[in-house]
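Going down the list, the sequences are from chains A and B. Residue 122 is where the first sequence ends in the working numbering, and the numbering goes up by one at each step. Residue 492 is where the second sequence ends in the working numbering, and the numbering goes up by one at each step.
Since the hints were derived computationally from the structure, they do not count as laboratory data.
On the chain B side, residues computed to face chain A include the following (Cβ under 10 Å):
| hint | residue |
| --- | --- |
| 1 | Tyr130 |
| 2 | Glu134 |
| 3 | Gly137 |
| 4 | Arg153 |
| 5 | Val163 |
| 6 | Ser166 |
Here are the in silico distance ranges between beta carbons for each label pair:
| hint | chain 1 | residue 1 | chain 2 | residue 2 | range |
| --- | --- | --- | --- | --- | --- |
| 7 | A | Leu10 | B | Val186 | 31 to 39 Å |
| 8 | B | Met409 | A | Gly13 | 46 to 54 Å |
| 9 | A | Val16 | B | Leu417 | 37 to 45 Å |
| 10 | B | Val186 | A | Phe7 | 26 to 34 Å |
Nothing here was measured: the structure is a model prediction, and the numbers come from that model. Don't be surprised by glycine CBs; every beta carbon is placed ideally from N, CA and C.
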Amino acid sequence: MTHGDVFGLLAAGLVVLAVVRLLTAGDLVRRVIALNIASGGVLMVLVLVAAHSEPPDSVLHALALTGIVITVSVTGLALVLIRRIESPEHGEQPHDNEVPPDADHDDGPHDEHIQGAHGGGP
Amino acid sequence: MGVLLPMLVLGPLGGAVLLALLPARIRPWLTVGLAAALGAAVVVLVGVVAVGGVVHYQVAGWAPPLGIELLVDPFSAAMLAMTAGVSLPVLIYATGTELVRGHEAFWPLVMMLWSGLNAVYVTADLFNAYVALELMGLSAVALVILGGSSAWRAGLRYLFIAVLGSLLYLLGVALIYGQTGTLDMVGAGEVLTSGTYAFTALVMITAGMALKTALFPMHTWLPAAHAAAPSAVSPLLSALVIKASLYLLIRIWFTVFGGAAPTGLPTALGVLGCAAVVWGNVVALRQDRLKAVVSYSTVAQVGYFFLLFAYLAPALDAPAGSTQEQVALAAWTGVLVLVFSHALAKAAMFMAAGVLAIAHRSDNLNDQVGAVNRMPGTVLAFAAAGVVLAGLPPTMGFMGKWQLLQASMVGGQWWWLAVLLGGGLLTLGYTARVVRATFDRPGHAGRDQPRVVPVRMPAMSLMLTVTAVVLGFLTLPVAQFLEPVLPAGALP
Numbered sequence: 001m002t003h004g005d006v007f008g009l010l011a012a013g014l015v016v017l018a019v020v021r022l023l024t025a026g027d028l029v030r031r032v033i034a035l036n037i038a039s040g041g042v043l044m045v046l047v048l049v050a051a052h053s054e055p056p057d058s059v060l061h062a063l064a065l066t067g068i069v070i071t072v073s074v075t076g077l078a079l080v081l082i083r084r085i086e087s088p089e090h091g092e093q094p095h096d097n098e099v100p101p102d103a104d105h106d107d108g109p110h111d112e113h114i115q116g117a118h119g120g121g122p
Numbered sequence: 001m002g003v004l005l006p007m008l009v010l011g012p013l014g015g016a017v018l019l020a021l022l023p024a025r026i027r028p029w030l031t032v033g034l035a036a037a038l039g040a041a042v043v044v045l046v047g048v049v050a051v052g053g054v055v056h057y058q059v060a061g062w063a064p065p066l067g068i069e070l071l072v073d074p075f076s077a078a079m080l081a082m083t084a085g086v087s088l089p090v091l092i093y094a095t096g097t098e099l100v101r102g103h104e105a106f107w108p109l110v111m112m113l114w115s116g117l118n119a120v121y122v123t124a125d126l127f128n129a130y131v132a133l134e135l136m137g138l139s140a141v142a143l144v145i146l147g148g149s150s151a152w153r154a155g156l157r158y159l160f161i162a163v164l165g166s167l168l169y170l171l172g173v174a175l176i177y178g179q180t181g182t183l184d185m186v187g188a189g190e191v192l193t194s195g196t197y198a199f200t201a202l203v204m205i206t207a208g209m210a211l212k213t214a215l216f217p218m219h220t221w222l223p224a225a226h227a228a229a230p231s232a233v234s235p236l237l238s239a240l241v242i243k244a245s246l247y248l249l250i251r252i253w254f255t256v257f258g259g260a261a262p263t264g265l266p267t268a269l270g271v272l273g274c275a276a277v278v279w280g281n282v283v284a285l286r287q288d289r290l291k292a293v294v295s296y297s298t299v300a301q302v303g304y305f306f307l308l309f310a311y312l313a314p315a316l317d318a319p320a321g322s323t324q325e326q327v328a329l330a331a332w333t334g335v336l337v338l339v340f341s342h343a344l345a346k347a348a349m350f351m352a353a354g355v356l357a358i359a360h361r362s363d364n365l366n367d368q369v370g371a372v373n374r375m376p377g378t379v380l381a382f383a384a385a386g387v388v389l390a391g392l393p394p395t396m397g398f399m400g401k402w403q404l405l406q407a408s409m410v411g412g413q414w415w416w417l418a419v420l421l422g423g424g425l426l427t428l429g430y431t432a433r434v435v436r437a438t439f440d441r442p443g444h445a446g447r448d449q450p451r452v453v454p455v456r457m458p459a460m461s462l463m464l465t466v467t468a469v470v471l472g473f474l475t476l477p478v479a480q481f482l483e484p485v486l487p488a489g490a491l492p
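Let's have the full structure, built from the sequences with the hints guiding it.
Structure representation (structure tokens):
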């Protein structure tokens with residue numbers, strides 16, 4: 001078994017385990033971590049494909065970096081949302097769909113969303 | 001004219017930054033103005049493509065493989081036009097009341113979403129498509145959670161699904177790059193050889209995109225997210241966002257893989273599509289909330305789009321002028337016309353549902369009693385949109401279904417007929433159920449003092465519906481515009 005095979009199996013295993021966990025876990029933070037591990041597995045495949053050529057293909061390294069940036073912004077957005085969902089004052093009380101959130105208090109996190117997505121922009 | 005292509009992505013992105021910095025008071029009409037300018041640019045681009053064919057642009061003058069290539073052919077031009085044609089009326093609708101947009105962050109976020117959608121349609125590069133998908137997905141999630149605390153859970157679930165779908169896509173792209181050494185879609189298509197390696201990539205990408213397009217049975221996130229989103233966001237999600245992943249899937253299948261697919265995969269997609277039509281429609285019939293009915297209707301309509309793969313795959317190696325070529329041509333134009341008619345009709349339906357929900361302070365079907373007298377235009381828009389979705393003549397939906405019926409008859413694939421016709425009947429069923437709920441009922445007074453809704457809101461909904469009906473008469477030029485990019489490899 002070559003190094004490539006070992007890392008290939010490792011990456012595939014990471015992706016499969018993480019996707020199963022992402023779809024089955026009940027706890028929200030666990031699901032964010034599973035998403036990060038799945039993304040780690042996919043990026044490992046990118047690096048592995050890059051290592052096939054000599055010298056290693058730098059295009060794929062750049063892609064992996066972009067992938068990391070996108071994963072970070074997604075994780076940030078997910079964590080902000082989870083904090084809001086699980087915060088005591090916002091609990092799970094039923095709301096009318098058409099009621100807007102309290103416009104003045106919610107400014108901060110929305111700005112973060114905008115920046116988060118910019119981080120992954122082209 | 002190539003410089004228009006990066007402008008279609010950078011324009012709305014810059015607009016989003018600008019809008020986020022400006023005070024909320026001036027955002028609404030400034031956004032509408034920006035949208036009108038973007039719409040004008042798209043009209044010019046469609047004209048250029050119709051006259052001169054494909055438009056290319058190389059960012060900063062760098063040629064592939066190092067540079068980023070942008071490309072617009074008639075298929076992508078039509079998708080750009082669909083995006084602009086739905087976004088502009090939705091934005092005017094959103095100026096009506098704050099209740100339909102949830103929060104003033106709506107304006108910059110819509111522009112960012114638009115930038116992501118345009119980026120998906122103009123890119124000729126596999127990896128930039130991934131970045132565009134993520135830009136689109138993040139803006140869409142942020143727009144969903146503007147629906148208030150009841151939308152947060154649905155938004156988070158949508159985020160997980162959207163990112164998982166993109167990751168599967170990225171895995172497929174890595175495998176394609178590993179074999180071809182290029183990220184250019186056309187270039188990769190020329191080098192790619194079929195085999196286990198390539199088919200693994202295709203299966204990954206198909207799974208990822210089917211997840212993001214909400215193909216049955218991977219659809220459960222869609223009704224939750226689309227129903228919980230603010231009423232001006234749901235039409236954008238249902239009409240536009242799911243189409244971007246569908247577009248990319250069609251590109252990958254036919255531009256990169258040239259239609260080569262593992263035996264059984266196209267049929268499997270067709271069967272899942274049929275299941276989606278039946279399941280989505282039946283569940284839509286059983287909902288008691290307006291926006292849930294419309295959301296499940298989207299699940300059903302997505303099923304029709306996936307029939308494309310089942311129709312086209314057998315025709316790929318056929319000689320020119322054969323029966324299979326006719327089948328491919330009819331299925332291709334049929335499905336695309338259905339995609340466009342769904343965009344118009346579904347946006348109109350969600351907008352009408354939003355008007356009813358706001359007027360009655362509830363989107364429960366039982367609270368809509370008497371709406372047909374108070375707001376006949378809104379109920380008419382909803383009903384007519386249902387007729388377009390069901391595919392009755394002379395609407396655009398009928399023209400699309402007619403092409404698919406012909407494809408089935410000519411190609412001898414008669415078994416899809418039952419689904420095409422039965423799905424239409426069920427669509428009429430849930431539309432009629434909603435319309436009946438708006439009639440006066442003896443012993444039911446209806447809601448007291450419904451809110452007054454600005455006239456432009458139902459007017460925009462009605463306008464989109466009328467467009468979907470009128471375009472039924474203009475299907476021939478639309479089909480001729482799209483014909484040259486018929487993706488089947490063996491066809492001219």
